[in-house]
Amino acid sequence: GAVVSQHPSWVICKSGTSVKIECRSLDFQATTMFWYRQFPKQSLMLMATSNEGSKATYEQGVEKDKFLINHASLTLSTLTVTSAHPEDSSFYICSAQRGEGQFFGPGTRLTVL
Amino acid sequence: QKEVEQNSGPLSVPEGAIASLNCTYSDRVSQSFFWYRQYSGKSPELIMSIYSNGDKEDGRFTAQLNKASQYVSLLIRDSQPSDSATYLCAAPIGGSARQLTFGSGTQLTVLP
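Those protein sequences? They're chains A and B, same order as listed.
Taking this note's numbering, the leading residue of the first sequence gets 1, the next gets one more, and so forth.
Taking this note's numbering, the leading residue of the second sequence gets 114, the next gets one more, and so forth.
Treat the hints as calculated values from the structure; they're not laboratory data.
Treat the hints loosely; a few may be bogus.
Said to hold, decoys possible - With a cut-off of at most 20 Å between alpha-carbon atoms, the simulated SDA-like pairs for lysine to any residue come out as follows: (1) B:K155 - A:Q42; (2) A:K41 - B:G154; (3) B:K155 - A:K64; (4) B:K155 - A:R109; (5) B:K155 - A:S73; (6) A:K55 - A:S73; (7) B:K155 - A:I12; (8) B:K155 - A:F39; (9) B:K155 - A:K55; (10) B:K155 - A:P40; (11) A:K64 - B:Q212; (12) A:K41 - B:S197; (13) B:K180 - A:G101.
Note that the structure is predicted; figures quoted are calculated from it, not measured.
Please build the complete structure, drawing on both the sequences and the hints.
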């Protein structure tokens with residue numbers, strides 16, 4: 001149990017476009033999901049906490065207008081990177097809370113040209 | 114001081130040996146601790162959780178927690194080359210019961 005999926009697994013886009021990443025909990029319901037970003041050779045950095053039915057909570061330094069999060073159901077959270085730029089290129093990973101633990105999706109590798 | 118601190122390594126052990134990974138944390142009220150394994154280019158995978166002082170064993174993995182010393186460790190017995198990965202320690206820091214703070218990870222290489 002505790003399977004989390006992400007889609008797409010990778011995406012390449014042009015600078016200035018928007019990209020939507022989906023995170024789904026497949027076999028459980030998750031009122032809380034998290035979005036992380038990881039640059040090469042670095043650890044996970046929490047971007048925001050996504051709560052079903054309410055606004056996301058963003059970490060300091062993360063622009064909420066640039067990284068739009070929607071958690072409209074107990075099994076789906078989406079992250080939209082708006083007006084993407086090359087510096088947004090990274091590995092984006094979601095996780096879903098189940099009990100005390102967090103279970104991660106496989107990640108989405110975003111490359112902005 | 115980092116909130117969750119790990120020896121970044123790299124740590125190399127021969128196949129069949131015991132690998133010992135260490136982690137210290139800054140928040141005395143943290144009650145739950147997690148070890149994740151992350152293969153290169155992949156997302157983290159939860160391998161152990163521990164909530165009480167002492168040892169918790171799961172197969173070849175043993176997590177050890179000492180709340181008085183604010184120290185948690187992971188032992189991997191009979192290490193295999195497939196255990197080569199980065200191991201991340203995580204704990205809820207700062208009063209949030211759900212948000213986890215991750216250490217920077219320890220890179221482990223098991224040599225055949």
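Here's how the hints hold up against the structure:
| no. | hint | result |
| --- | --- | --- |
| 1 | B:K155 - A:Q42 | 13 Å, holds |
| 2 | A:K41 - B:G154 | 10 Å, holds |
| 3 | B:K155 - A:K64 | 26 Å, violated |
| 4 | B:K155 - A:R109 | 10 Å, holds |
| 5 | B:K155 - A:S73 | 26 Å, violated |
| 6 | A:K55 - A:S73 | 13 Å, holds |
| 7 | B:K155 - A:I12 | 18 Å, holds |
| 8 | B:K155 - A:F39 | 12 Å, holds |
| 9 | B:K155 - A:K55 | 29 Å, violated |
| 10 | B:K155 - A:P40 | 11 Å, holds |
| 11 | A:K64 - B:Q212 | 18 Å, holds |
| 12 | A:K41 - B:S197 | 15 Å, holds |
| 13 | B:K180 - A:G101 | 19 Å, holds |
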